[in-house]
Amino acid sequence: MGWIAANLESIRALQIRQLLTQAVTLGIILSSALMIWKGLMCITGSESPVVVVLSESMEPGFQRGDILFLHMGNDPIRAGEIVVYNIKGRSIPIVHRVVEVHQRQATEELDILTKGDNNREDDRTGLLYSPGQLWLQQHHIMGRAVGFLPYVGYFTIIMTDMPILKYVLIGSLALLVITSKE
Amino acid sequence: MHSFGQRANAIITFSLTIVAVICSLASFSDNFNTPSPTAEIEVSNFNWFQKQRNGNDEVSLTLNISADLQSLFTWNTKQVFVFLAAEYETPQNALNQISLWDAIIPSKEHAKFWIHTSNKYRFIDQGSNLRGKEYNLTLHWHVMPKTGKMFADKIVKTGYRLPEEYR
Chain R
1 MGWIAANLES IRALQIRQLL TQAVTLGIIL SSALMIWKGL MCITGSESPV
51 VVVLSESMEP GFQRGDILFL HMGNDPIRAG EIVVYNIKGR SIPIVHRVVE
101 VHQRQATEEL DILTKGDNNR EDDRTGLLYS PGQLWLQQHH IMGRAVGFLP
151 YVGYFTIIMT DMPILKYVLI GSLALLVITS KE
Chain B
183 MHSFGQRANA IITFSLTIVA VICSLASFSD NFNTPSPTAE IEVSNFNWFQ
233 KQRNGNDEVS LTLNISADLQ SLFTWNTKQV FVFLAAEYET PQNALNQISL
283 WDAIIPSKEH AKFWIHTSNK YRFIDQGSNL RGKEYNLTLH WHVMPKTGKM
333 FADKIVKTGY RLPEEYR
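Chains as they are written, first to last, in my numbering: chain R, 1 to 182; chain B, 183 to 349.
Because the hints were derived from the structure by calculation, they are not lab data. Just to be clear, a hint being listed does not mean it is correct.
Below, a sample of chain R positions facing chain B; criterion: calculated Cβ distance under 10 Å [to be verified]:
{"hint": "1", "residue": "Pro60"}
{"hint": "2", "residue": "Asp111"}
{"hint": "3", "residue": "Lys115"}
{"hint": "4", "residue": "Asp122"}
Residues of chain R placed beyond 10 Å of chain B at every Cβ, according to the derived structure [to be verified]:
{"hint": "5", "residue": "Glu47"}
{"hint": "6", "residue": "Ser91"}
{"hint": "7", "residue": "Leu169"}
The structure presented is a predicted model; accordingly, all values stated were derived computationally and were not measured. Cβ atoms here follow ideal geometry from the backbone N, Cα and C, with glycine treated the same way.
Whenever a hint applies, use it, and build me the whole structure from the sequences.
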């Protein structure tokens, strides 16, 4: 109880000017994070430039918790590339390898089939697409993986598995920002 | 004096910076490797060749694949994903790429191999264009690093032809 009282005391002790400074600092931190994210979106051309691998379907290449950097580029998708795709009505984007590509003569539209390296079947047979869907099209693709960083994303997996941890973390960070004197 | 929080912050920031620098150096060092892989691909038999009920051609073939991909491995290589794709053009499609066989090579010791296999994945056309069709067999590989940038390249083998008649 003494700890909380001391913290409350320190909040009360703040001058209004100091409070404003801290609000601005917090704003700068938040907005620069947003700027970096949006900037990356512009540079890579992908709506989500960094993704965390959530499933085991690409093992041993990618494990749960690894981070992938995505880039869209203007080149058409080709077999062998690792793409991240999102099916309407499914919340989680999927990271899998392209195993089949058919490109139309006139329109250059693509029909794409994907498969996880660790899965026995392709994603059509494995029922990862919408019912009745035979191919992925360009608009399903969020980006192709170009770079790789191991383990870093494991933190987000822990936080999704244990949401309480997320609130504790955000709460303590906020408290730290409010109570810090500099 | 510095508080505990400040010290912890400094240590974490510094160690993360060092890890990031080492990771990018490891990834950068891959650029100094100039691989010279070789591959031979032979189609030894057409097991069967038919038109499916929905009108798409399907063929089953037997392949002899031999390759030496040892030079792709560096100290930053986790694995090499290798696959063989049939590639051809049809009146409808400018490009068709169909993966027929793939494998994960976990280490340099396994990177020189010879395999006799029928196609692991089905070779089905979008339509009925495969009779007498000339096609390429391309051995693609995808180098997955321990960290950093991924590399991919291929060897294209041309001049393969499918049978004129279903069998």
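field: Structure-inconsistent hints, enumerated in ascending order
entry: none
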